[in-house]
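Participant: As they're listed, the protein sequences go chains D and H. Quick note on numbering: the first sequence equals residues 0 to 126 in numbering that gives the first Met the number 0. Quick note on numbering: the second sequence equals residues 0 to 137 in numbering that gives the first Met the number 0.
By construction, these hints were calculated from the structure, which means they are not laboratory data. All figures in this text were calculated on a predicted structure; none of them were measured in a lab. Think of the CB as a built atom: it goes at the ideal place given N, C-alpha and C, for glycine as much as any other residue. Incorrect hints may appear among the rest.
[Stated by the list, open to error] Residues from chain H that face chain D, not an exhaustive set, calculated with beta carbons under 8 Å:
(1) His24
(2) Lys28
(3) Val31
(4) Val39
(5) Val95
(6) Leu103
(7) Arg111
(8) Ile115
(9) Leu117
(10) Val118
(11) Gly121
(12) Val122
(13) Leu124
(14) Val125
(15) Leu127
(16) Ser128
[Unchecked claim] 25 Å max Cα-Cα, derived PhoX-like pairs, lysine-lysine:
(17) D:Lys53 to D:Lys42
(18) D:Lys104 to D:Lys26
(19) D:Lys102 to D:Lys35
(20) D:Lys76 to H:Lys106
(21) D:Lys42 to H:Lys78
(22) H:Lys36 to D:Lys76
(23) D:Lys26 to H:Lys78
(24) H:Lys36 to H:Lys106
(25) H:Lys36 to H:Lys50
(26) D:Lys42 to D:Lys26
(27) H:Lys50 to H:Lys29
(28) D:Lys76 to H:Lys29
(29) D:Lys104 to D:Lys35
(30) D:Lys53 to D:Lys26
(31) D:Lys76 to H:Lys50
(32) D:Lys53 to D:Lys35
(33) D:Lys102 to D:Lys26
(34) D:Lys53 to D:Lys102
(35) D:Lys35 to H:Lys78
(36) H:Lys29 to H:Lys106
[Unchecked claim] Rough simulated footprint, nothing fancy, chain H against chain D, three-plus residues with beta-carbon under 8 Å:
(37) 70–84
(38) 87–101
(39) 105–113
(40) 116–124
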Amino acid sequence: MREGLLVILFLIALTSLCDTINQLFLKSAIDSLNFKPTFNIIKILRFIFSLLIKPRLWLGFIFSVISLCIWLLVLSKADLNFAFSADSMHYIFIAFASWLILKEKFTPLRWLGTGLIVTGIVLVSLS
Amino acid sequence: MFKKKVTLRILLLLIASDMLETTVHFFFKKSVLANAKFNVVDLASAAVFLKAVFSSPFLWLGLATVVMVFIIWSTILSKIDLSVAVPVASFSYILVPLVSIIFLGEKVSILRWAGILLVLAGVILVSLSSKERMAQIR
Chain D
0 MREGLLVILF LIALTSLCDT INQLFLKSAI DSLNFKPTFN IIKILRFIFS
50 LLIKPRLWLG FIFSVISLCI WLLVLSKADL NFAFSADSMH YIFIAFASWL
100 ILKEKFTPLR WLGTGLIVTG IVLVSLS
Chain H
0 MFKKKVTLRI LLLLIASDML ETTVHFFFKK SVLANAKFNV VDLASAAVFL
50 KAVFSSPFLW LGLATVVMVF IIWSTILSKI DLSVAVPVAS FSYILVPLVS
100 IIFLGEKVSI LRWAGILLVL AGVILVSLSS KERMAQIR
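Please construct the entire structure, taking both the sequences and the accompanying hints into account.
Facilitator: Given below as structure tokens:
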């Protein structure tokens, strides 16, 4: 198990990374449409349609399929309760990606939260 | 345009999304357990394993539940702020281990529960920080 643990953590990191890439593509596709929240059904349907013809959305979709495949491999090798908690490392990747790529600002509260998630994953992996 | 107050209807939707989210992971784990005979060691054996898993009804039940969670979650987010929704929705971090213990016979040690609670606290703080940021934008 010990030696297998590193492989599993690596695979979980990989699925989290694919998830993050999917989120970035999705966010970039949505942002490019400049959509304002509305309750107008026709505007919402038009928004969904123009989103569906964005190649970026489908690039993201490919990554989410890869992510699902790796996730199934992880579940075949690890307990569900461990894998589920460890998968929260996507919060860390998304935090850094939105900081580096989307240039979003980090508040101290977000640093603290991200730190707690890291500590939690370490504890979950040690046990 | 977002309300901060969680009404009973939204709370019920949040509880439903928590439970369905947990169900998704239960179904995925079940689809894998049904194919436990495969020993994945390389890419070729991984492909054979995945092909078998994708023909399991549990996997498709899981994917159908993903769609339901997505629809419920979109409804919730059209009514309340993300920073309010995420902490309530994060209870799947506790529900998933409970389901793992009861239905899958997994063991969860005290140390692991401590780690799970830290992750949960972190997720709540991260989502609260999005509220802080929205306030800065306004």
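Participant: A separate judgement is required for each hint: does it hold in the structure or not?
Facilitator: Verification of the hints:
Among the interface hints, the one on His24 (chain H) holds; its C-beta lies about 6 Å from the nearest C-beta in chain D, closer than the 8 Å criterion. The interface hint given for Lys28 (chain H) is met, as the beta carbon of that residue sits about 4 Å from the closest beta carbon of chain D, less than 8 Å. For Val31 (chain H), the shortest C-beta to C-beta distance to chain D is roughly 4 Å, which falls under 8 Å, so the interface hint holds. At its closest, the beta carbon of Val39 (chain H) sits 6 Å from a beta carbon of chain D; the interface hint therefore holds under the 8 Å criterion.
Residue-level restraint check for Val95 (chain H) holds (minimum Cβ-Cβ distance to chain D is 4 Å; threshold 8 Å). The beta carbon of Leu103 (chain H) is positioned within 8 Å of a beta carbon in chain D (closest approach about 6 Å), and the interface hint is therefore held. The interface hint given for Arg111 (chain H) is met, as the beta carbon of that residue sits about 4 Å from the closest beta carbon of chain D, less than 8 Å. Taken as an interface hint, Ile115 (chain H) checks out: its beta carbon lies about 5 Å from the nearest beta carbon of chain D, inside 8 Å.
At its closest, the beta carbon of Leu117 (chain H) sits 3 Å from a beta carbon of chain D; the interface hint therefore holds under the 8 Å criterion. Hint status for Val118 (chain H) relative to chain D: holds, with the closest Cβ pair at about 3 Å, below 8 Å. Satisfaction of the interface hint for Gly121 (chain H) is found here, the shortest Cβ-Cβ separation to chain D being roughly 3 Å, below the 8 Å cut-off. A least Cβ separation of about 6 Å between Val122 (chain H) and chain D falls short of the 8 Å threshold, and the interface hint therefore holds.
The beta carbon of Leu124 (chain H) comes within 3 Å of a beta carbon in chain D, closer than 8 Å, and the hint placing it at the interface holds. Hint on Val125 (chain H) holds. Least Cβ distance to chain D is approximately 4 Å, under the 8 Å limit. With a cut of 8 Å, the hint placing Leu127 (chain H) at the interface with chain D holds, because the nearest CB-to-CB distance is about 6 Å. The criterion of a C-beta within 8 Å of any C-beta in chain D is met by Ser128 (chain H), whose closest approach is roughly 4 Å, and the hint holds.
Between the alpha carbons of Lys53 (chain D) and Lys42 (chain D) the distance comes to roughly 17 Å, so the proposed pair stays at or under 25 Å and holds. A hinted pair counts as satisfied when its Cα atoms are at most 25 Å apart, and Lys104 (chain D) with Lys26 (chain D) qualifies at roughly 16 Å. In summary, the hint linking Lys102 (chain D) to Lys35 (chain D) is supported, as the alpha carbons are separated by about 21 Å, within the 25 Å threshold. For the given pair, Lys76 (chain D) sits about 15 Å from Lys106 (chain H) by alpha-carbon distance, which is consistent with the 25 Å threshold.
Among the hinted pairs, Lys42 (chain D) with Lys78 (chain H) is consistent with the structure: their alpha-carbon atoms are about 18 Å apart, no more than 25 Å. Simply put, Lys36 (chain H) and Lys76 (chain D) have alpha-carbon atoms about 12 Å apart, close enough for the 25 Å limit, and the pair holds. Between Lys26 (chain D) and Lys78 (chain H) the alpha-carbon distance is near 20 Å, which keeps this suggested pair within the 25 Å criterion. Between Lys36 (chain H) and Lys106 (chain H) the CA atoms are separated by roughly 22 Å; this keeps the pair inside 25 Å, and the hint holds.
Taking the CA atoms of Lys36 (chain H) and Lys50 (chain H), the gap is about 13 Å. The hint holds against a cut of 25 Å. A C-alpha spacing of about 19 Å is found between Lys42 (chain D) and Lys26 (chain D), which places the hinted pair at or below 25 Å, so the restraint holds. Our distance criterion of 25 Å between C-alpha atoms is met by Lys50 (chain H) and Lys29 (chain H), whose separation comes to about 15 Å. Under the criterion of a C-alpha separation no larger than 25 Å, the hint pairing Lys76 (chain D) with Lys29 (chain H) is consistent with the structure, at around 13 Å.
Between Lys104 (chain D) and Lys35 (chain D) the CA atoms are separated by roughly 22 Å; this keeps the pair inside 25 Å, and the hint holds. For the proposed pair Lys53 (chain D) and Lys26 (chain D), the alpha carbon gap of about 12 Å is at most 25 Å, so the pair holds. Between Lys76 (chain D) and Lys50 (chain H) the CA atoms are separated by roughly 17 Å; this keeps the pair inside 25 Å, and the hint holds. Taking the CA atoms of Lys53 (chain D) and Lys35 (chain D), the gap is about 18 Å. The hint holds against a cut of 25 Å.
A distance of roughly 13 Å separates the Cα atoms of Lys102 (chain D) and Lys26 (chain D); the hinted pair therefore holds under the 25 Å criterion. For the given pair, Lys53 (chain D) sits about 23 Å from Lys102 (chain D) by alpha-carbon distance, which is consistent with the 25 Å threshold. Pair hint Lys35 (chain D) plus Lys78 (chain H) holds up; C-alpha atoms about 15 Å apart against a cutoff of 25 Å. Our distance criterion of 25 Å between C-alpha atoms is met by Lys29 (chain H) and Lys106 (chain H), whose separation comes to about 17 Å.
Figure legend: the segment 70–84 of chain D, annotated as covered by chain H; annotation consistent (12 residues with Cβ-Cβ distances under 8 Å, at least 3 required). Residues of the segment 87–101 of chain D with a Cβ under 8 Å from some Cβ of chain H number 3, which satisfies the need for three, so the listed coverage holds. For the segment 105–113 of chain D, the assignment as covered by chain H holds, since 6 residues bring a beta-carbon within under 8 Å of that chain's beta-carbons and 3 suffice. For the segment 116–124 of chain D, the assignment as covered by chain H holds, since 9 residues bring a beta-carbon within under 8 Å of that chain's beta-carbons and 3 suffice.
Against the hints set out earlier in the document, no violation occurs for any number.
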